[in-house]
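When you line the sequence shown up against the working numbering, it's residues 1133 to 1419, in that order.
Think of the hints as simulated: they come from the structure by calculation, not from any bench.
Please read all numbers here as calculations on a predicted model, not as lab measurements.
Built from N, CA and C at the ideal position, the CB exists for glycine as well.
Among the hints, erroneous ones may be present.
Said to hold, decoys possible - Ranges of calculated distance between the beta carbons of each label pair, as one might list FRET restraints:
| no. | residue 1 | residue 2 | range |
| --- | --- | --- | --- |
| 1 | ASP1285 | GLY1377 | 48 to 56 Å |
| 2 | ALA1218 | ARG1398 | 32 to 40 Å |
| 3 | HIS1157 | GLY1403 | 22 to 30 Å |
| 4 | ARG1154 | GLY1320 | 41 to 49 Å |
| 5 | GLU1187 | ASP1285 | 21 to 29 Å |
| 6 | GLN1316 | GLY1403 | 41 to 49 Å |
| 7 | ASP1304 | ALA1278 | 24 to 32 Å |
| 8 | THR1164 | HIS1190 | 17 to 25 Å |
| 9 | GLU1187 | ARG1154 | 24 to 32 Å |
| 10 | GLY1236 | PRO1363 | 40 to 48 Å |
| 11 | ASP1262 | ASP1304 | 28 to 36 Å |
Unchecked claim - DSS-like cross-link-like pairs, simulated, lysine-lysine; straight-line CA separation at most 30 Å:
| no. | residue 1 | residue 2 |
| --- | --- | --- |
| 12 | LYS1167 | LYS1310 |
| 13 | LYS1149 | LYS1167 |
| 14 | LYS1149 | LYS1310 |
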Amino acid sequence: MRVLVIGAGLVGSAAAKTLRERGHHVTGTTTTPAKVDALNPLFDEVVVLRGSDREAVHAQVAAADAVVVTAGPSAAHAMTPEDRAATYHEILVATAESVTSAPGTPHLVALSSLSVYGNASNHLDVVTEDSPVTDSDDPSPSRFLAMEATYLDSAGDRATVFRCGDIFGADDPPIETKVAMAHQYLGGSVPFGADALFYRLSVEDAADAIVFAVENATVGLFNLTHPELPPRNGEIFDVIGASQGLPGLTYRAEIAAPSAPISVERLADAGFVARTSYVAHPLLEQV
1133 MRVLVIGAGL VGSAAAKTLR ERGHHVTGTT TTPAKVDALN PLFDEVVVLR GSDREAVHAQ
1193 VAAADAVVVT AGPSAAHAMT PEDRAATYHE ILVATAESVT SAPGTPHLVA LSSLSVYGNA
1253 SNHLDVVTED SPVTDSDDPS PSRFLAMEAT YLDSAGDRAT VFRCGDIFGA DDPPIETKVA
1313 MAHQYLGGSV PFGADALFYR LSVEDAADAI VFAVENATVG LFNLTHPELP PRNGEIFDVI
1373 GASQGLPGLT YRAEIAAPSA PISVERLADA GFVARTSYVA HPLLEQV
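With the hints as extra help, turn the sequences into a complete structure.
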């Protein structure tokens, strides 16, 4: 199978490794020409394009049996509403529009975010894929929802959308470093809420879910995170900060996320469970 991976970052590269090991031909994309040499060993081919460049995307999609979109905004450009407004539409929505308007009928797999629920479903005992989503106009959830609608409305019978927890692993800094960086570079202020449950997704589980969807032609909308109940943001981050001699963070709650448990039963029923994403933090075990 010929697989196009748009976004050769941590998840895209990990998925490509497994797909190639399983005999698939994988083309990766990057927006940065200087990264091509480093990416070449990880893919069968590497091309330079932006997701918003429809002509370039169409040319690549036309040759693919499956298209995996792992391109997403970086944390460095997600800390203020202004940064999110400047980057989220192009990276998420414009890419989806390019992919779904391309010729052919490849299977499409795209990564979204659990932030699309915001706090709209916190009154429920559990949040499922059919639960209410946020009506926030913040560029993060609103653009993720617009991206989802583009894939599901235009190619619903051949599209998989994963609503992912916070992705970690590989070269991504650990939580302890991120808490310290929030104080060092952001003045101890972060855009999410203290009460939201800290659902995570390891790079390995994200990549394995992509491979599962590609090889099984799984279609639909799925929550993708671990089944275990995690701590809340304020609980875990402030304990970590205190262990480093740092004051508690200021939680601006611009990007709301569920404080009710997330159900992953739909994806489990389809045959996939994230098995490496939950690790109890040792500091919380001491509390």
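These are the hints, each one checked on the structure:
Between ASP1285 and GLY1377 the Cβ separation comes to about 50 Å, which falls inside the hinted range of 48 to 56 Å. Separated by about 34 Å at the C-beta atoms, ALA1218 and ARG1398 satisfy the suggested range of 32 to 40 Å. Separation of HIS1157 from GLY1403 is about 24 Å and conforms to the stated range, judged on CB atoms against 22 to 30 Å. Remark: the range hint 41 to 49 Å for ARG1154 to GLY1320 is upheld by a beta-carbon distance near 45 Å.
For GLU1187 and ASP1285, the Cβ-Cβ distance of about 23 Å falls inside the hinted range of 21 to 29 Å, so the restraint holds. Look at GLN1316 against GLY1403: about 43 Å separates their beta carbons, and that is inside 41 to 49 Å. Judged by the Cβ atoms, the range 24 to 32 Å given for ASP1304 and ALA1278 holds: they are separated by roughly 26 Å. Here the CB-CB span from THR1164 to HIS1190 is close to 21 Å, well matched to the stated 17 to 25 Å.
Distance hint check for GLU1187 and ARG1154: the Cβ-Cβ separation is about 31 Å, which falls inside the suggested range of 24 to 32 Å. With their beta carbons about 44 Å apart, GLY1236 and PRO1363 fall inside the hinted range of 40 to 48 Å. Under the hint 28 to 36 Å, the C-beta atoms of ASP1262 and ASP1304, about 31 Å apart, fit the expected range. A threshold of 30 Å between alpha carbons decides the hint, and for LYS1167 with LYS1310 the separation of about 25 Å falls inside it, so the pair holds.
About 17 Å separates the Cα atoms of LYS1149 and LYS1167, which keeps this hinted pair within 30 Å; it holds. Note on LYS1149 and LYS1310: the hinted pairing holds, with a Cα-Cα distance of about 27 Å set against a maximum of 30 Å.
Figure legend: structure checked against the earlier numbered hints; every hint is met.
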